[in-house]
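Below are the chains, spelled out letter by letter.
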Amino acid sequence: MVAKIQVTANINGEEVEFLCEPRQSLLEILRDELKLTGSKEGCNNGNCGACSVILDGVLVNSCVVLGGEVDGCKVETIEGVMGPEGLHPLQQAFLKNAALQCGICTPGFIMASKALLDKKPKATEADIRLWCAGNLCRCTGYDKIVRAIIDAEAQLEVNK
Amino acid sequence: MQAFEYAAPKNLAEALVLLEQKGTNARIMSGGTDLIVQVRENRRDLELIVDGKKIPELMELSYDSSDGLTLGASVPCYRFYENEQIEKLYPGLVDAASLIGGTAIQNRASFGGNLCNSSPAADSIPALVAHSAVCLIAGSNGTRKVPVEDFCTGPGKNVLEPNELLVSFLIPPPAKNFGAHYLRFIPRNEMDIAVVGCGASLKLDDDKKTVKHARISLGAVAPTTLLVGEAAVELEGKQIDNGLIEKAAAVAKAAARPISDMRGTKEYRVHLAGVLTRRALQKSLERAKGV
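Protein chains in written order, with our numbering: chain H, 141 to 300; chain S, 62 to 352.
Pulled out of the complex, with its shape left as it was, chain H reads as follows (with noise of 0.2 angstroms):
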């Protein structure tokens, strides 16, 4: 049995210790341990994003990462983006645009949206559809999710 590894991270601006087998991946103890079940696993091998969390401030697919590298890290996950005055605008433009049917890729695009206009605030459509092209929806043919995206720019925008 290989000893457990201690981390210190700062999930969603709360410090947080945990334990973890090397061999758990950062979804895994989100998911698992610290019970924040909002990313999802869907491939498991870095290919469809539904596990995308912010890591000190870069877009990442937690299932690639080990928990044991986030040891004084930032982490951001979806259960991080609604604020003190309710749903992110990213989130309230999604269920307006009906931009979602099953939900288990919504976390991971909103994260990788947010993320992307965090970092440029007047993303084009163009930048928004290859910024997400690692975010994999098999329901609603990407659409709406892009029309949310823009939707929410532009919220964030009058918000400033």
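A portion of the hints provided could be inaccurate.
[Stated by the list, open to error] Quick list of in silico lysine-lysine cross-link-like pairs, DSS-like style, CA-CA up to 30 angstroms: (1) H/Lys175 x S/Lys114; (2) S/Lys273 x S/Lys299; (3) H/Lys259 x H/Lys284; (4) S/Lys206 x S/Lys83; (5) S/Lys149 x H/Lys260; (6) S/Lys83 x H/Lys144; (7) H/Lys259 x S/Lys114; (8) H/Lys262 x S/Lys149; (9) H/Lys214 x S/Lys71; (10) S/Lys71 x H/Lys144; (11) S/Lys218 x S/Lys206; (12) S/Lys115 x H/Lys259.
Hint data in this document are derived by calculation from the structure and do not stem from the laboratory.
Please arrange chain S on chain H, whose structure you already have, making use of the hints.
Okay, now just chain S, sitting in the frame of chain H:
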């Protein structure tokens, strides 16, 4: 997933001690986009994963006009295209970095990892070869340098000894009138594995017509990335035009010795090798002329 240990050494010496102890049962990890998946799918048995991202030399990204670019083996792809200097001076590297996987993969995957994974279809390798990159390798007995084109020895195989690790790439500063390009063919617009990839670079004389130096490199047409020296010979010392580019492309095409697989037949890949060489040279020429 199989059980393994994880270590994140803070310097090269510590990492080398770990490799000396564990040999082939240990492996350096950068972004983990290949390694974690391979271990999870039991395609690789490991006792220890050594994270390279805390080792300063593996994360170095610096440019010096006399020595050129030092690109640490674990530097993720996104850091190249967020760097204006690299974008301007090493366009072939940026071409490759911006088409490996999607955003989240580019945020983790490194050229060092891509090279050590040693896939015949790796996107970074022909680009590195076009830019004449040299690998700096460290081992317990000291360091050595190996040109990128000599690093891989077969699919998944390379010159690294079990007690060695890839530290960085040393990439010479581009000369005046230099241009490079990497492109690949895939059946979709984004996010796929190269059916064929081609990296090219051209250095022109002051007349911006005569080729002083050329490099053409093909991926996914042989067990390892090819540096097609004879295609460069076809170009060097001559005035470049479309006819000459066609001749060099024909030579590159003749050098391709691919296999048929699910991504393409042998014949198709040979055809692509010619087409991509032509396009890579045309784009390199534009860039060399500063068009």
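Index of numbered hints that the structure contradicts, given in increasing order: The structure breaks none of the hints.
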